[in-house]
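There are 2 protein chains.
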Amino acid sequence: MKLILLSGGSGKRLWPLSNDARSKQFLRILDGPGGLKESMVERVWRQLGETGLQRSSYIAAGKAQEEMIRVHAGLSVPLIIEPERRDTFPAIALSAVYLYSVAGVSLDEVVTILPVDPYVEDAFFHKITELEQVIHDSGCDMALMGVKPTFPSEKYGYIVPETGEPKLIINAAGDVTEAEASDAETGDARSYQLVRRFTEKPREEAAAELMQRGALWNCGVFAFKLGYLINLLIEKRIPIQYDELVNQYSTLVKTSFDYEVVERAKQVAVLPFDGCWKDLGTWNTLTEEMGTAELGEHITTELATDTHVINELGIPITILGIKNAIIAASPDGILVSDKASSPRIKEVLKNRDKRPMYEERRWGYYIVLDYLKYPDGSEVMTKRVCLDKGKNFSYHYHNNRCEVWTILSGEGEMMLDDQLRTVKAGDIINIPLGSRHCLLARTPMEMIEVMRGTQLVEEESVRLEADWKDIMQYCMI
Amino acid sequence: MKLILLSGGSGKRLWPLSNDARSKQFLRILDGPGGLKESMVERVWRQLGETGLQRSSYIAAGKAQEEMIRVHAGLSVPLIIEPERRDTFPAIALSAVYLYSVAGVSLDEVVTILPVDPYVEDAFFHKITELEQVIHDSGCDMALMGVKPTFPSEKYGYIVPETGEPKLIINAAGDVTEAEASDAETGDARSYQLVRRFTEKPREEAAAELMQRGALWNCGVFAFKLGYLINLLIEKRIPIQYDELVNQYSTLVKTSFDYEVVERAKQVAVLPFDGCWKDLGTWNTLTEEMGTAELGEHITTELATDTHVINELGIPITILGIKNAIIAASPDGILVSDKASSPRIKEVLKNRDKRPMYEERRWGYYIVLDYLKYPDGSEVMTKRVCLDKGKNFSYHYHNNRCEVWTILSGEGEMMLDDQLRTVKAGDIINIPLGSRHCLLARTPMEMIEVMRGTQLVEEESVRLEADWKDIMQYCMI
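Chains D and Z supply the protein sequences, listed in that same order.
The first sequence lines up with residues 1 to 477 when you count with full-length UniProt numbering.
The second sequence lines up with residues 1 to 477 when you count with full-length UniProt numbering.
Only chain D is shown next, with the shape it has when bound in the complex:
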């Protein structure tokens, strides 16, 4: 069986810690082994390792997340990069085509799709391995995992199984018996049910009724034979060769896999999971799984009951007598919310599109310290940039800005317009508009970068296709 982990999300729901460059799955705020904090991606990738599934797993993600996923799941993580964000159906189609035409996976092999960030116990992943057998045993097009609800949530989709009539439980030999139906109720590992229908986000009373009828939460885990989806793509005249599909990716319909595939499948099985599963998608659910109420430095709390504080800023936060609240501060902003209201953050911020003020990158990270826009349209952005040892910026230049770097610590090699030089703490480097430059850190380096120009928020630098070794050789000549 192959596993495809979908890494999505624009990150508004956990603002201001998440942003367009750092979705919630990359926040290091969960308690990991050895007292270290880990992100959702780190946690799931670790669990996949512990349950022996990591070597069969791929992560599908947008281009913008590539660097972050490598930081959190390792440089060698197998990635399927979506050319652009287009919802789950295109992402899963691309993944299937990749497995088929690039990785050479057999059409008979079962593929399981899951989100990259469920908060679950290891048993969840053991259960996932059973989906393969469910597909083979049931002869269904598709097998889903259904989480046994613990309360009548209005946030989730429900999978309604066939009930009120004899349960269609099929044993390994293919016999259908009523006797074995009781296995499903006693929680036998191989028990599954057929799906009657799906219900999206019901009101609380309806959800309570669904629970009584044995409905399960849809946790976004779908298994199918690779051949099933490839055939479906052929029917839809979607290319099944990877390069071709990448080229046509922008023409795929923006729709969910649930809607486009699952709900239209002839017969779907569901495997109930009766264990810990949480969607840590909002501050109130996430703080339940934070081991400590305070994360970050310079936090003083007094009479603050059940209040969680996360401080990623360098300045102190003092909390006096605030109950049941979440206070989160990052270079992107400050959130002060009572826990019950915190799910509204996405809606409140839906029209705000601000540049991320903090980004983790392949080479390290940067924080925006200050941003100014003058009446004449010229802009200034001041950043602190941290480059890890042995890492380098790409060779690039800017059409719209000049930069001044003051090196604070460390040393490295810099190339500026074909001139190689050593730079170290105390050096001031003036990079005029259009100058090609890059930097390799021999030791960890920090610098203050003052950018002056226009469109500092929107415009990308122009990357030159050359890697560090080429440049070094070029300069050595």
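All the given hints hold, so there is nothing to weed out.
Pairs involving identical chains hold if they fit within one copy or between any two copies, as the list cannot separate such chains.
The calculated lysine-lysine pairs, modelled on DSBU-like cross-linking and capped at a C-alpha distance of 35 Å, are: (1) K373 - K469; (2) K391 - K373; (3) K373 - K37; (4) K254 - K225; (5) K278 - K323; (6) K373 - K350; (7) K63 - K236; (8) K354 - K201; (9) K354 - K389; (10) K254 - K354; (11) K236 - K12; (12) K346 - K323; (13) K155 - K201; (14) K323 - K37; (15) K323 - K354; (16) K323 - K201; (17) K148 - K278.
Hints listed in this document are in silico derivations from the structure and should not be mistaken for laboratory results.
Given the structure of chain D, go ahead and fit chain Z onto it with the hints provided.
Frame of chain D; chain Z shown alone:
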């Protein structure tokens, strides 16, 4: 009559907006005329102007506040500068000696002391002018203003008048009659009472009883004949020549004027004031007088009832469903407090001594954007510095740090080690350790300053005794 306004305060109670360099009286958060925001100092100084008292007024303040007071009350405000902070008795003694030996004020003239920051209506200042007559009429050593309490506060000191026996009301001719006692009760402008005793911060029940007995709040307004205090200083062998007292200032006992003088005076009169008076010393009292619930940029509030937000940071604040709270953010820190708990801030922060991250100065202001301390003890501080048009830094050098300036906007003249040059937006200026330098802004200027060295937080620059004109002339030669 002369007025001495005492400007005190270290500024912890309105943290993080107030700091050691910007006490609460300098926060521009009150609604002023013409829709502009004004500080407590600006408001009181304006009211003194409107009531005709400004030209008889002096402000006594510590050296650290000199620049700020000139920014808020005008460059020509008469100042009495305390060489160091030593409580109210030394400050008032210095002020009296200044009036006597420098300003040549007659020993028969009445001097009235008041805080620089009471939040009052103009009637308060009209009432103050009556203190002169009370001193003359009553023959008392001292006349105080007493505010009629509106609730049994535990925070204030109470002035308990003589009651339960015939009131000693003395008319202009010096006759004591019971008939005129009724004037005191009908609120006649010239009515005053004699003081029986003082009670500091009583418990609520005791305060309620004091109110019933006609006790008044001590609002820190004391009037006396200059000669009375000068004689007292002579008795205490305290110098009555200004220069001499300045030299011996550090030997004066650190004690309050209430304790050292008022409570030991033979006979004290009190003039009741039955009008609006507020001590805006804590967030919960101050927010009552803020016209708007939101001050600053980038604030989003939803379901936040009776919550006040002040944002001096460049990053957005979002508030969801927080009631009756004060949220204040500045480069010094972030406070999230329910209003009832907000007076505790001073106590909670009492051991925290952090460098102010924002300072208004004679020449403009600066904001600390970033501060780092490396394991080897070296430090980096990054500031944005704004210099007003026509203003200049003093000529100075640093023994412990070098600086890199990136000029962002404007232009000016700079002197660096006896070399004069013009600097403008885009210039990068490297100021090595020990280099003498100053800058004069021809237009408003902004720059990013990166300081590298040690003791960046504590150490002052070394100021050279030269003003800009001298330097220009020196360089022109």
